[in-house]
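Q: Chains X and S are the protein sequences, given in the same order.
Using this note's numbering, you'd call the opening residue of the first sequence number 1 and step up by one each time.
Using this note's numbering, you'd call the opening residue of the second sequence number 387 and step up by one each time.
Be aware that a few hints might be false.
[Unchecked claim] Computed footprint of chain X on chain S, listed as stretches where at least three residues anywhere in the stretch have a Cβ under 8 Å from a Cβ of chain X:
#1 391-397
#2 417-427
#3 479-486
#4 527-541
[Stated by the list, open to error] Label pairs and their in silico Cβ distance ranges:
#5 S:Pro416 - X:Tyr354: 22 to 32 Å
#6 S:Arg400 - X:Ala361: 38 to 48 Å
#7 X:Asp98 - S:Glu530: 45 to 55 Å
#8 X:Thr102 - S:Pro416: 16 to 26 Å
#9 X:Arg104 - S:Arg447: 50 to 60 Å
#10 X:Gly221 - S:Pro416: 20 to 30 Å
#11 S:Lys446 - X:Leu232: 49 to 59 Å
[Unchecked claim] From the structure, some residues in chain S lie toward chain X, with a derived Cβ separation under 10 Å:
#12 Leu431
#13 Ala432
#14 Glu433
#15 Asp434
#16 Thr436
#17 Trp444
#18 Arg445
#19 Asp455
#20 Leu476
Bear in mind the hints are in silico, worked out from the structure with no lab data behind them.
Quick reminder that beta carbons are idealized off the backbone N, C-alpha and C, glycines included.
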Amino acid sequence: LNALPPEIAPLDEGRLVARQAHLERELVRSATRPPRRRLVRGGIVVAACVAAAAVLLVGRDGGPDALARARAAVSRGPYLGIVVRTPRRGPALLVHLDTHATERVHYEAEIWFDTRKHSRAATPGGCTRVVGPTTRSGCIGSTFSYGDSTLITGSIDHYRTALATGRVHKISSAIVRGRRAWWLRITTTAPIPAVLRGWASYVAVDQKTGNPLRLEERKDGRVRSRQDIDVLPGTDRLPAYVKTLAQLMQAQAKLSLRPGRRHERSSAAVTLAQASAGIPGALWPGNAVAGQRFRQARVLTLDNGARQLELVYGGACPRHCLLIKQGTESGWAPRNRLYSALPDRAILVNGSRYADGRAGAIRIRLEGNGRAGLLAAARALRPLRP
Amino acid sequence: VEARTDAELWQRGRDGDAPAVGELFRRHAPAIFVFLVRRTGDRELAEDLTSLVFLEAWRKRDDVRLSGDSALPWLYGVALNCARNARRSLRRHRAALDRLVLERPPAAEPAGRDLSDVIALLHRLPDDQRDVILACIWTGLSYEDAAVALGVSMGTVRSRLSRARARLAELEAGSGHAPATPPLAPIREDIA
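Put together the whole structure using the sequences plus the hints.
A: Written out as structure tokens, the structure is:
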């Protein structure tokens, strides 16, 4: 015990930066809060007790009504559309290559349900958009993959069933997105795997309309993911751009005749001069980035003859390296529409594994093992001139 | 550019300069995090508690004046208090933590057998002896710094360390590997 204190892996750099920023915001917030004196605190406690009693009284009357209203709001139909938004101050950042300026972007997904059936009408036929000051409009995909919740966004039926079977409990009232809302907690009767213990879903519903306004996944009381929800006006038929499940299956069958992914046919190590000549317009972040040194350049030849340049930084892949892949459009899957929504010469960093962007005719993908490393690499990209 | 000392940063922080406290966080959070993982055995909780250490330090800013060069021993002391009273600390700062929306941390590596065994062994000691082992042996604080961290005299640090070593020797000799109660389970349940 004396000789060997347990080795602890350090805190991820990106999380450290995020927590530092959060701390500074909290200090500013607390510094601007007026000082509280004991008397005032006592008054607040009394007022809170009175308010809690009032809420309980109101809640007793409005409880079942609130749940019935929430259920009715997602049962009208026959088709129900919702728009789901990730937080505007969420983790997705767009890095502009010329100015190194960053801007926040968020994702929006339009999802449609057939309220008469126990499944989504249009899975995954909605429309996902990336939204920011410089992004372009248009769907980048038809699946909504942010977060891991299956409640509401995954299946409206789970939510309706929970409301109908007494598994939803009204927790409190609050102002959410400027509207008076009830916070509802959804419990599950299914056995919970160990890794999910402590997780719970919370939905804020408009007190007036019953519409869901916000969905939060919390673990041990802490918010771990948050999505805002807008319910679209009910409709008798699906919008023309929304495909039914049957239409999607037909489309998938046709698409399966085309190559979805490009596969590597061969690869060869090259010098930086050869890389620059082989992929005109290629970028690189220099000899080292985010503490990882340049190791190798390779040119990959794909099954359709397209070529991609791959720059390798750091140690053994995939855990300890940073990969920068780039090439012309023909090197990427034909259905990948993310690039069309991004402004030119910008990289979208969302999460800690991948970042994507484009610079003229070149598409770029960064693969790493930390958000800080991806951001550093995106900010350092410049023309490759050996 | 000469780096500012901890005391200067803290003084600036007390005067309302939030980035100065942020710099202090940047400087010491990695060490506090490792300290808290060793104390709690839970990376996720240790990460939250690391933030709370600085929020708690800030909350008590009017009562604290740093005297030495480094704030670290004092921060270890705040960290120990936060870990001992994790439930209360998490409740007190729940609103602040709720405003921190982070991606879910990457799945933790399975805790090495050595780490969990050693932490389990350590958790069979009384609190005061466990903390002195953590401060003096695992963290490598001098007796003087450990006294600051633990809020006791240097003599008390020495005597507790001596008792802790003797107790550990007894536990190890008696193959004292009966599983200790996971220290955090009751806290987690209570928070939920």
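Q: Would you mind marking each hint as holding or not holding in the structure?
A: Hints, verified against the model:
| no. | hint | verdict |
| --- | --- | --- |
| 1 | 391-397 | violated (count 0) |
| 2 | 417-427 | holds (count 4) |
| 3 | 479-486 | holds (count 6) |
| 4 | 527-541 | violated (count 0) |
| 5 | S:Pro416 - X:Tyr354: 22 to 32 Å | holds, 26 Å |
| 6 | S:Arg400 - X:Ala361: 38 to 48 Å | violated, 55 Å |
| 7 | X:Asp98 - S:Glu530: 45 to 55 Å | holds, 54 Å |
| 8 | X:Thr102 - S:Pro416: 16 to 26 Å | holds, 24 Å |
| 9 | X:Arg104 - S:Arg447: 50 to 60 Å | violated, 31 Å |
| 10 | X:Gly221 - S:Pro416: 20 to 30 Å | holds, 26 Å |
| 11 | S:Lys446 - X:Leu232: 49 to 59 Å | holds, 50 Å |
| 12 | Leu431 | holds, 9 Å |
| 13 | Ala432 | holds, 9 Å |
| 14 | Glu433 | holds, 7 Å |
| 15 | Asp434 | holds, 7 Å |
| 16 | Thr436 | holds, 7 Å |
| 17 | Trp444 | holds, 6 Å |
| 18 | Arg445 | holds, 8 Å |
| 19 | Asp455 | violated, 22 Å |
| 20 | Leu476 | holds, 8 Å |
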